[in-house]
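Protein chains in written order, with my numbering: chain R, 2 to 185; chain V, 17 to 569.
Wrong hints could be hidden among the right ones.
Below, computed lysine-lysine pairings styled on DSSO-like, alpha-carbon distance capped at 27 Å [claimed, not checked]:
| no. | chain 1 | residue 1 | chain 2 | residue 2 |
| --- | --- | --- | --- | --- |
| 1 | V | 560 | V | 491 |
| 2 | V | 476 | R | 120 |
| 3 | R | 120 | V | 453 |
Simulated restraints on C-beta separations [stated by the list, open to error]:
| no. | chain 1 | residue 1 | chain 2 | residue 2 | range |
| --- | --- | --- | --- | --- | --- |
| 4 | R | 144 | V | 114 | 49 to 57 Å |
| 5 | V | 75 | R | 27 | 50 to 58 Å |
| 6 | R | 148 | V | 345 | 32 to 40 Å |
| 7 | R | 27 | V | 329 | 40 to 48 Å |
| 8 | V | 468 | R | 116 | 45 to 53 Å |
| 9 | V | 350 | R | 28 | 40 to 48 Å |
| 10 | R | 111 | V | 457 | 26 to 34 Å |
| 11 | V | 350 | R | 119 | 52 to 60 Å |
| 12 | V | 238 | R | 116 | 52 to 60 Å |
Selected chain R positions facing chain V (Cβ under 8 Å, derived; list incomplete) [what the hints assert, rightly or not]:
| no. | residue |
| --- | --- |
| 13 | 130 |
| 14 | 135 |
| 15 | 154 |
Just so you know, these hints were derived from the structure itself, not from any lab.
This structure is a prediction, so every number in the text was calculated from the model and none was measured.
By construction, the Cβ of each residue, glycine as well, lies at the ideal position given by its N, Cα and C atoms.
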Amino acid sequence: MIIGLILLVVLVFIVGWVFMVYNSLIQLSVRVKNAWSQIDVQLKRRHDLIPNLVETVKGYMNYEKDTLERVIKARTQAIDASSIKDKAQAENFLTQTLRSLFAVVERYPDLKANQTMLKLQDELTSTENKIAFSRQYYNDEVMRFNTRIQVAPDNIVAKMFKFSTQDFFEIEDKAERQSPQVKF
Amino acid sequence: MPFSFIEIEQKKSRLILFVFLFLIFFYFLTVWLLLLIVRNFFFASAFGNEFIFTFPPLSHTLIALAVAFLIGLLHWSVSTSNLIDKISASIDASPVDPKDNYHQYLKNIVDEVSIAIGGRHIEPYVIPTSALNAYSLVDFQDNAVIGVTEGLLARLNRSQIEAVVGHEAGHIVSGDSFNATVICSLSEIYKETVSRLGQGTREFRLRGKGGVLILLIFIVLTIMNFLNQLLNTFISRQREYRADAVSVRLTRNPLALAEALRLISQKWHGSGINGENIESIFIVSPNVRSIEEQEGLAADLFATHPPIDKRVNILLDMAHLDEKTLDENIKNMIRVSPIAKAEFKEGVSSDKKRWFVFKQDEWQGPFLLDELRVLKGFSPTDWIKIEGQDSVFEAFNDDEVNKVFGATIEDKEDSYPCPHCHTNLNELNYEGVPILKCDFCAGSFVDYSGISRIFIREDKEFSQEIVDLASSVYKTKLRYNSFSKPGTSDDWILDCPKCRKKMHRQFFVYSYPVEIDRCPSCSGIWFDKQELEVLQYLYQNKDKFLLQDKNSV
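Turn these sequences into a full structure, and let the hints steer you where they fit.
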């Protein structure tokens, strides 16, 4: 009788603990999703800016058709990518092509002084900073989540309910990895 | 770091409840002490009884408690409504102007940082002073505000501003900002009362009753200072270190924050900010008090901020750098202006449409639309042709030109006529500030709020002509000073482009004797050609001019 009571108490404790861990894991994973949607908003903003950029640049650059085409291609790829890993890769490629486009723009003083171009460049820089910050926030949340589901004893609950580690949104760009400083 | 808002909510409501109870207790103590004094000293002498010291009975104490509760509740509810508006008004801060380039730049930075803390909306504010400082506010409805001074925008570079905004965002996420805002609002009410009583005194003094009010002000001031000191003990100095840490976590750049703190502490961090009693909302206390730079128990209790050098050293440790590198970095600091250089292009842009007019048996022109408007004897039946085209037609056939005859520009509400030329003023940005400029006479109209912004920003490069003009104006000032005050022409000639009322011609200030026209209703100022630049140059180089004076004497 007494042993049965003790077992019951222990069982209640264990079930209570499982509930607690499960709930906090759910909370964390919701926050990871929320952080991802933050990135998505900023990525979409950048995709929307690119057609305007291409329109503005087109008139000035007759000999740089392939740079422009690469930007357009990179944008399409980025929009089509579905998994987080693919997206990260496509976005990195887009960042690189945009950077080479701006390097080319430097050679056209008229284009550089164009008001629309200045505004677009401004907005793109700001959007890129926002992407960087939202990526940072997302990665922090993923790190919290991944650590939580791998440490004992929470990993037991995580395995029971099939929580799996989330992918980081990584950057391949070496220049960006070195300095977080933002230049205008 | 607690990013979970639920934990924070719980923590902050506990502290706020504590502050509320403290407020009630404070009033209870005040009322009870008053009761004690009145009972023992005034009554005793009034009834001629022998002096026996007695405590008030329980029933009186309970009444005192009820009164204290009522006063406390009133105080609380009055000061915690419209928190952000009230405090912003008291330090003269206002939301960003979307047309201003510098303000747009600040908005971008604040947006970026708000994404870094998880997408919480933060409203950027600006204080129009040349001081360097920043603050944050959060009210009961969870509206968050981060404000910086114009001086900070004009003097720090982007990563430094970002670090400062990150620090303020740290206060917002940790809930410190909410506590500080509520506590500050509690002492704000006294400041208001004192200033109102002060206005009252002037009237009363005329009737010989000033004494009573002065006594009242004195009492209120004493209570206020005492309460404020006590309230400050609720604000821990440690929260500044924590916010610095959050900023580093968000921007990953401890050096930028160290640079920013060093620069803020070196330049005047308080001038032009009415920050008395609300120091705790700022990144660096706007009032210079020796206690802020001390350590120890008393300082920990009553100071609102930790010593700046200590903060800088902690940040430098994070960056693995020493102070020498910091000073060198500051000396070689590169600051890229948020204003594109192209804006400074002056003169008429060439891509506008122009027309030739057939007058006195020959083609005259080409004229811009605004020039046609003031062209003498130009009528709808005149023959015109567009520049670069061959077809000739009568003026009334061209829709654009026809509008010139339709209505005089003064009749339209959305246009601003130049007070001299009566043509439409162009909206453009000067030093990032939206102004109205005339293409012909090169005069410009600046709103009241824009003037201080222009004087604080230092992006404009002045031509030799402006420098010479400014020096000669400065010499005139010396002449005026040595003889008599200059007489202004004191005329009301020009019309304000916005209000259409006569503007008052006067000196900008007596120390810079440049004549300008000020609108009495909107306080905007019309500057004739070069006057704005000359005044800006004088203001920004006043130290240099003073030095010249000294050397010449």
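Does the structure break any of the earlier hints, and which numbers would those be?
4, 8, 11, 15
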